[in-house]
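J.: Now that you have both chains on their own, put them together as the hints suggest.
Residue-level listing of the chains:
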Amino acid sequence: MAKIEEYIPLVGQAVIDDLRLLSERLKGKVIQHINSTPVGGGVAEILSRMVPLLRELGVDTKWDVIKGGEQFFGVTKKFHNSLHGRAEEITQRDFEIFMETSQQNIESVNTYGDIVFVHDPQPIALIKKKADNKWLWRCHIDVASPNEKVWGFLMDFIPRYNSAVFSAPAFSRRLPIRQFLIPPSIDPLSDKNKELPQETINFVLRKYNIKKDKPIVIQISRFDRLKDPVGVIEAYLQVKKYIDCQLILAGGSAEDDPEGFKVLEEVKERAKKDPDIHILLLPQNDIEVNALQRASDVIVQKSLREGFGLTVSEALWKAKPVVASNVGGIPLQIKHKYSGLLCHSIEGASFAIKQLLSSPAYASKLGENGREHIKNNFLITRHLRDYMLLFLSLYHPEDIVNLC
Amino acid sequence: MPELIKAKEPFRFCTRLHLSELTGLRATTLGQLLALIKEVPGSCIYHHTHRFLQQHQYLSPEPPNDFAYWVTDILGEDELGERLVSIDTMQYSTIRDLRDKIALTIEDCLRDSPFAKLKFARSGEEFHFMKSVSFILPTNYFVYDLEEFAKVLKKITIDSIYFHIFEARLRLEKSTNDFSYWIENSLGDKELADKISGFDPYTRTLEDLRNKIIQIVERRITD
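Residue numbers (our numbering), protein chains in the order written: chain A, 28 to 431; chain B, 6 to 228.
Isolated chain B, as found in the complex (with noise of 0.2 Å):
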């Protein structure tokens, strides 16, 4: 086995733990849905496109964004609910441009299907608008090198995996995740940086993506 590379910056694990904000705000339609989508703050979209990352550890029927679910399960607006869950969040670096696509998903919609506008939903099947609330904090977790940095990523929590791979790309606008930065900048290995960035993190559970990560370093360390 090649001998590992010391990185000059330890990478200093966090966590990310979040609290629900209600705000009062409800749609019964999807005109009203539309109307608040774009002027809720950038926390409630990260929130209603995000949440099910971390309450959904297994296999579940539930959709991937809850603009998505009530769409298509209240109103009954099944393609619209498809493409509202086939929107590609890797290709967005900004919780604007997310927005932006999910608000011209919906136009696009109401101008296509005059229908989709006189559906309503029955009294307490109202969206209701929330945000998430992010607490940054670290661990006591800092590795100098690959095998230190694997033996970690299989203990700390999902949250913390969440934190580095999700939040720090889209909501924190970095270039990319924490984990292939320090990896690029820190130990010069790009090609591994590259590996890590490169799939899509959305359509896995967090535990599925904490092997997966295991799996590429490991291979890499043995290389």
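Chain A with its partners taken away, still in its complex shape (with noise of 0.2 Å):
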């Protein structure tokens, strides 16, 4: 795991001071970090990196996890897809199971932070134990065009919070607290994304039989059907027309997502006559999926909703051109025709990759435009910043926090 220090000639010596300020500023307060699942999905992996930076800087950090069964999953994923916008049929006897085992976690879960960070919809029913510690909401979830039902029953807890905090402004609404803009973030020291010799490039592709003597296309995402891996297979086959490349649909499962197995079933059927479709479903192996990113020739993000879309990031710092849908936080982190290709459909996709695959100079110009954006504003260095920044405003309420 890198230290903070590591992180300077990536960012430079003045930002680090920074973080150093302000976490200065925190000392003696407890921040206890709750959510689902300790690993398998974006929420994890940013807890993992940012909860032993945190305490390398000063700030007193804990990670606590929920517990929850198969059916309590289940429910949570429904809620998940329905904050989406996907059509779900939600029941009462759903609620009443999400209730059953809120109340469980609720008897169980010790919260003694002095800021209590609740991730997602799963464990928000923990606000009911709320002494005069602060407590905070993240909301991780595409909710732009929610199902009114679901959100309606969260909002019976997310007042109760002192601020809730939302990874792009699409998702906000006017709400009885404050609320924050902090977008996820990448580690550029962590396996998924640090650089990489040659020799582990060449050799996961090995492992994974692909040849290098055609163009890689590749998604990486979990099999879900909201990253619409399907919809990625159409955009290559009609791609495949004109350009001889090939596709890789590559992705894990969390513990936490009970569906995914039936997502790549229906993939595989999919793919199954095409020799030139790779599914790799990879075990949580960073190193794999960071060398699978660097042996792509155009990387595609072609979710239906998106709570942030953190391998839009992934990509751009590989400097790697980038075709994504115009979804969630997606826009945050590509220009359109700057710094990556955005989409609305699968004819959309995969005229972009054509462009892309038949223009290398302007490629190469996207990727290299996307990495200096990523660099400014979505790496974790920033993530740490805001996230000292959130803490300190729930002790200042003012637009303006002189503390000088």
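Some hints could be false.
[As the list claims (entries may be wrong)] Quick list of the computed label-pair ranges, beta carbon to beta carbon:
1. Leu41/B with Ala29/A: 35 to 45 Å
2. Asp113/B with Glu33/A: 47 to 57 Å
3. Tyr422/A with Glu130/B: 51 to 61 Å
4. Lys289/A with Lys217/B: 38 to 48 Å
[As the list claims (entries may be wrong)] Here are the simulated DSSO-like pairs of lysine-lysine, each with C-alpha atoms no more than 30 Å apart in a straight line:
5. Lys105/A with Lys89/A
6. Lys159/B with Lys30/A
7. Lys221/A with Lys105/A
8. Lys160/B with Lys364/A
9. Lys124/B with Lys402/A
10. Lys200/B with Lys43/B
11. Lys217/B with Lys362/A
12. Lys241/A with Lys56/A
13. Lys160/B with Lys54/A
14. Lys156/B with Lys30/A
15. Lys362/A with Lys392/A
16. Lys30/A with Lys160/B
17. Lys104/A with Lys56/A
18. Lys402/A with Lys160/B
19. Lys217/B with Lys392/A
20. Lys106/B with Lys402/A
21. Lys300/A with Lys239/A
22. Lys160/B with Lys43/B
23. Lys239/A with Lys105/A
24. Lys106/B with Lys362/A
25. Lys105/A with Lys155/A
26. Lys289/A with Lys94/A
27. Lys362/A with Lys122/B
28. Lys30/A with Lys238/A
29. Lys179/B with Lys195/B
30. Lys161/A with Lys30/A
31. Lys221/A with Lys160/B
32. Lys124/B with Lys362/A
33. Lys122/B with Lys402/A
34. Lys362/A with Lys381/A
35. Lys155/A with Lys176/A
36. Lys239/A with Lys295/A
37. Lys156/B with Lys200/B
38. Lys124/B with Lys11/B
39. Lys267/A with Lys241/A
40. Lys381/A with Lys392/A
By construction, these hints were calculated from the structure, which means they are not laboratory data.
Every residue, glycine too, gets a C-beta built ideally from N, C-alpha and C.
T.: Next comes the structure, spelled out in structure tokens:
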């Protein structure tokens, strides 16, 4: 795990000095993060990097995980999909299951933090334990057009928090509490993003029996309908009529995602007639993800909905040309035709992939611009700074906080 | 090289870090945009006219304020977008004055181009109003003369430069930027102070701005 000093060559000494200035202001406060899974998915990934770095900066940071069985996570998956705007049948029984498990967690989870930082809907009901400490709710989901029944249910809890945090402006709505915009980030020194020797990249390609004899188009995401892996195959097949290329669909699964295996079967079925489509069910192996991204010619993120879409930042950090849907936090990361290409449909994705494969110089320029944008706005050091400012904001309601 | 003047009071470098606060307010038409511009807190106007300075440290196609971007790229009102981009922020010493100028520019457009009223943003492309919440912190750097000043300028963050040049003048409503104020009042060098306050910092990236100030100060040291 990288130490804070190791970021200096990437972001500069002064940025790290600012982080230390902020951390001094939080001395004596215990920050307690709570989410639903220790591994798998973006939230756990970010926390696994942020928590040690906050500790190293001197911020007393803890991380606890709620418990939940298959039924509970089945319901929270339905909540997740319906908050993203997908049609789901949500029954009264679903709410009951959610509250039964929540009640068990309310009884068993100790919310000892001076600041309790709850991530996503699964642990949201813990707010019932609020004492005179401060509580934050971080929504990592695209809630631009949520199912109103589920959102209404969550609104029984949200106003009891001190503040809420969203990843993109479009996710905000009128709330009786303060709400902040904090996009997530990538860690440039993690196994998923650090520089790799060519031998490692070649080794991973050999391991998965992928030859570099034709251009590689890749989407790396969980096998989830909202990531539209079948749509990616359709787009690839349209490209393939004109350009001989290969497609990699690679992803793992998270403990709280029971739907993933069903989607994987559908994808395999759609891909089985084309030997140039590689379906890789990756174990939690970030070096392999990194190597596959670096080996690719075009990286795709054709999500139908997206909490933020960190895979876009990962790809751009590697200066790769990206084709991604204009949803969620993706337009914050890609300025169309400047740092990547945005699309709204399978046909649009296919056209954009063809453009990039046909014009390597243009593709390379988009990738370089993208890397610069990520460096300025989406690295973990910016995220650490925003979180510490967020914690301070709980004690300072004014718009200009003078700590001089 | 002449002996450097030592200030009685040192210049203490501060830094300004900010959080973006969401308001949940959104506009779909020019009329809604205008109405909200008139009623949102000054922190919103400040955010949408200054955000680009800290977020885009390199030359990018981002126009220098969010209102101009939305009006041009989403509503297709190129002429109004150009007028909004061209507002000379340096002429306004308060956010209130800047807000009035932006509102007046949009009102003129709505009066002169009736079709502008009919345009609206598609779902997902609305204008979302946000606020800037500033946190001002002292750094460990303080200096007594121009040589030390130039040395620190080379290593502080661009956030610190941003604070002393932009935020101090417009948001904290001081008469000039902090650097010029200290150079004139503590070092007694009005000529150098005027040189720094005399150029338009809005047309540069923050790194360019840093280099420009260093260049002016170093030239003064060797004069």
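J.: Taking the hints in turn, state whether each one holds.
T.: Outcome of the hint check:
1. Leu41/B with Ala29/A: 35 to 45 Å: 43 Å, holds
2. Asp113/B with Glu33/A: 47 to 57 Å: Once the Cβ atoms are compared, 54 Å apart, the range 47 to 57 Å for Glu33/A and Asp113/B holds.
3. Tyr422/A with Glu130/B: 51 to 61 Å: 36 Å, violated
4. Lys289/A with Lys217/B: 38 to 48 Å: Since Lys289/A and Lys217/B have Cβ atoms about 59 Å apart, the given range 38 to 48 Å is violated.
5. Lys105/A with Lys89/A: Within the cut-off at roughly 29 Å; holds.
6. Lys159/B with Lys30/A: Within the cut-off at roughly 25 Å; holds.
7. Lys221/A with Lys105/A: 35 Å, violated
8. Lys160/B with Lys364/A: 34 Å, violated
9. Lys124/B with Lys402/A: Cα-Cα ~36 Å, so violated.
10. Lys200/B with Lys43/B: Since the Cα atoms of Lys200/B and Lys43/B sit roughly 35 Å apart, the hinted pair is violated (cutoff 30 Å).
11. Lys217/B with Lys362/A: 29 Å, holds
12. Lys241/A with Lys56/A: 55 Å, violated
13. Lys160/B with Lys54/A: The given pair, whose Cα atoms are some 26 Å apart, holds under the 30 Å limit.
14. Lys156/B with Lys30/A: Judged against 30 Å, a Cα distance of about 28 Å means the pair holds.
15. Lys362/A with Lys392/A: 13 Å, holds
16. Lys30/A with Lys160/B: Satisfied, since the Cα-Cα distance of roughly 22 Å is no more than 30 Å.
17. Lys104/A with Lys56/A: 33 Å, violated
18. Lys402/A with Lys160/B: Cα-Cα ~18 Å, so holds.
19. Lys217/B with Lys392/A: 28 Å, holds
20. Lys106/B with Lys402/A: Given pair Lys106/B, Lys402/A is violated - Cα atoms ~34 Å apart, limit 30 Å.
21. Lys300/A with Lys239/A: At roughly 20 Å apart (the allowed maximum being 30 Å), Lys239/A and Lys300/A satisfy the hint.
22. Lys160/B with Lys43/B: 40 Å, violated
23. Lys239/A with Lys105/A: 39 Å, violated
24. Lys106/B with Lys362/A: 28 Å, holds
25. Lys105/A with Lys155/A: 23 Å, holds
26. Lys289/A with Lys94/A: 24 Å, holds
27. Lys362/A with Lys122/B: 27 Å, holds
28. Lys30/A with Lys238/A: Violated, because 36 Å separates the two Cα atoms, which is more than 30 Å.
29. Lys179/B with Lys195/B: 17 Å, holds
30. Lys161/A with Lys30/A: Holds, at about 29 Å.
31. Lys221/A with Lys160/B: The given pair, whose Cα atoms are some 26 Å apart, holds under the 30 Å limit.
32. Lys124/B with Lys362/A: 23 Å, holds
33. Lys122/B with Lys402/A: With a Cα-Cα distance of about 39 Å, the restraint between Lys122/B and Lys402/A is violated, given a limit of 30 Å.
34. Lys362/A with Lys381/A: With a Cα-Cα distance of about 19 Å, the restraint between Lys362/A and Lys381/A holds, given a limit of 30 Å.
35. Lys155/A with Lys176/A: With Cα atoms ~20 Å apart, Lys155/A and Lys176/A stay inside 30 Å; holds.
36. Lys239/A with Lys295/A: 22 Å, holds
37. Lys156/B with Lys200/B: Roughly 19 Å between the alpha carbons, so the hint for Lys156/B and Lys200/B holds.
38. Lys124/B with Lys11/B: Roughly 60 Å between the alpha carbons, so the hint for Lys124/B and Lys11/B is violated.
39. Lys267/A with Lys241/A: 11 Å, holds
40. Lys381/A with Lys392/A: Measuring from Cα to Cα gives roughly 16 Å; hence the hint holds.
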